[in-house]
Every structure is written in C-alpha cells, then in structure tokens.
Amino acid sequence: MSLVKSDPFVLSSSKSCLQDIGSADCSLAVWERPEPLDAGSLLEGDPENLRISVPADCPAPALLQALDTCRFPQGSARQELVKDVVMLCDVFRELTSCPVIEIRLELVTGNSCWKFHCDYVEMRLITTYAGRGTQWLDRRNADRLTRGLDPETIHELRPGDVGLFKGRLGNGDPAIHRSPPIEGTGEQRLLLVLNPVND
Numbered sequence: 011m012s013l014v015k016s017d018p019f020v021l022s023s024s025k026s027c028l029q030d031i032g033s034a035d036c037s038l039a040v041w042e043r044p045e046p047l048d049a050g051s052l053l054e055g056d057p058e059n060l061r062i063s064v065p066a067d068c069p070a071p072a073l074l075q076a077l078d079t080c081r082f083p084q085g086s087a088r089q090e091l092v093k094d095v096v097m098l099c100d101v102f103r104e105l106t107s108c109p110v111i112e113i114r115l116e117l118v119t120g121n122s123c124w125k126f127h128c129d130y131v132e133m134r135l136i137t138t139y140a141g142r143g144t145q146w147l148d149r150r151n152a153d154r155l156t157r158g159l160d161p162e163t164i165h166e167l168r169p170g171d172v173g174l175f176k177g178r179l180g181n182g183d184p185a186i187h188r189s190p191p192i193e194g195t196g197e198q199r200l201l202l203v204l205n206p207v208n209d
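Convert by adding 10 to the 1-based position in the sequence shown; the result is the number in my numbering.
If you are wondering where the hints come from, they were derived from the structure by calculation, not from laboratory data. Treat the hints with care, since some could be wrong.
Ranges between beta-carbon positions, derived for each pair [what the hints assert, rightly or not]: (1) 125 to 56: 22 to 30 Å; (2) 78 to 157: 42 to 50 Å; (3) 90 to 114: 14 to 22 Å; (4) 79 to 48: 20 to 28 Å; (5) 78 to 25: 27 to 35 Å; (6) 156 to 191: 16 to 24 Å; (7) 157 to 110: 36 to 44 Å; (8) 110 to 80: 17 to 25 Å.
Even for Gly, the Cβ is constructed at its ideal location relative to N, Cα and C.
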C-alpha cells in the first residue's frame, strides 16, 4: 500500500485513506485505484445527465430506474457502473451518516465548473469514469490563487481515482478544485458526484 501525506491531503492506494477526511487536518483524501470499468460504451447513445436522491442504505433500485430514464446503454459496463456507484454510496454513507445521498452522473463536454472554487457542502465524493479527472490545488498554490497569482502546479485525479473533497461546511479548510477546462477540445468526461442530503 502506498500512502502520501502532503499539506492537508492524503493520497493512497488503500480505500481506508478516505476515513482521513474526518480529521480537521485533512481537506482532500484520494483513493488511487485502477479504473473500475471501461466506460466508453456508456457514452454511446448520448445519455442524459442523471441527478437523483436515493436512500443511502439502498441506492440500487432508484439508480437502475434513472439509468433507464436517462438512456444509459445496457451491457456489462453499465452493470459494473451500478456495482461501483452502490459501493461508493456505501462508503459515503459510512463517512457522513447521512440518510439520503444525491447521485449526479454527468456527461461533460464543456467548461463546467472550470474556475477554482470550494463547495458549500460538508464533503463531496467525486470520481471520473471517462476523460480527465478533477483538478485541485495544494496549499502553496491555493495561497497563490488568493493573492491573485496563477497556480504554478495543478494536480489532477486520474480516471477511477476517488476523491473526497471537504467543503466549506466541513471541519477544517475546504479543498480548492475545479473541472478541467475542455471546451472546444472534443473531449468528454463521465463524472460521478455524491453529495449528502441531510434534510
């Protein structure tokens, strides 16, 4: 198992590193894992973006129905997608204790959320199944940004990596991140976002 602790960030090949997000000293925990599925076939047929709230302890039925509604193609990739999303919902439920989870599955082709920002949530789980991953800043480069300077180094999650990003409502400093700007490149991203729904 590899483990890297730098600034308020933890990166590891072990899923257990995600538990570090509960510490006030951790703004971002990244589980570096292989891509869990070949997502290329899921982009066929131009599926619609999916956004649903599901019971945290039983997300599969609503997810399956929403994938049909949003025209995600049937097949082995979709089966692996459902398996992975359900597993990540279980991880997220254990970390947040929230009874309901918002699932967003989005096909991104433009500059969505391309400016560096912090989220107004306690924490957010993000993984990219296809295309470039979410970009984030370490403390030194975040400080440069607040002083009106361009970051010298921009870190980027790999496809399959699972990032837990602390938001402004969490304990400790929030993670500064953005979606990679891909407008006009012809690139596509298949992005999963999990948010807690507490009321």
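Quick rundown of the hints versus the structure:
Distance hint check: the CB atoms of residue 125 and residue 56 are about 27 Å apart, consistent with the given range 22 to 30 Å. A hinted range of 42 to 50 Å holds for the C-beta pair residue 78 and residue 157, which are about 49 Å apart. The supplied range of 14 to 22 Å is met by residue 90 and residue 114, whose beta-carbon atoms lie about 19 Å from each other. As the Cβ distance of residue 79 to residue 48 is approximately 23 Å, the hint placing it in 20 to 28 Å holds.
Roughly 29 Å separates the CB atoms of residue 78 and residue 25, a value that falls within the hinted 27 to 35 Å. Look at residue 156 against residue 191: about 20 Å separates their beta carbons, and that is inside 16 to 24 Å. Evaluation of the 36 to 44 Å hint for residue 157 and residue 110 yields a pass: the beta carbon distance comes to about 39 Å. Look at residue 110 against residue 80: about 20 Å separates their beta carbons, and that is inside 17 to 25 Å.
The structure shown violates none of the earlier numbered hints.
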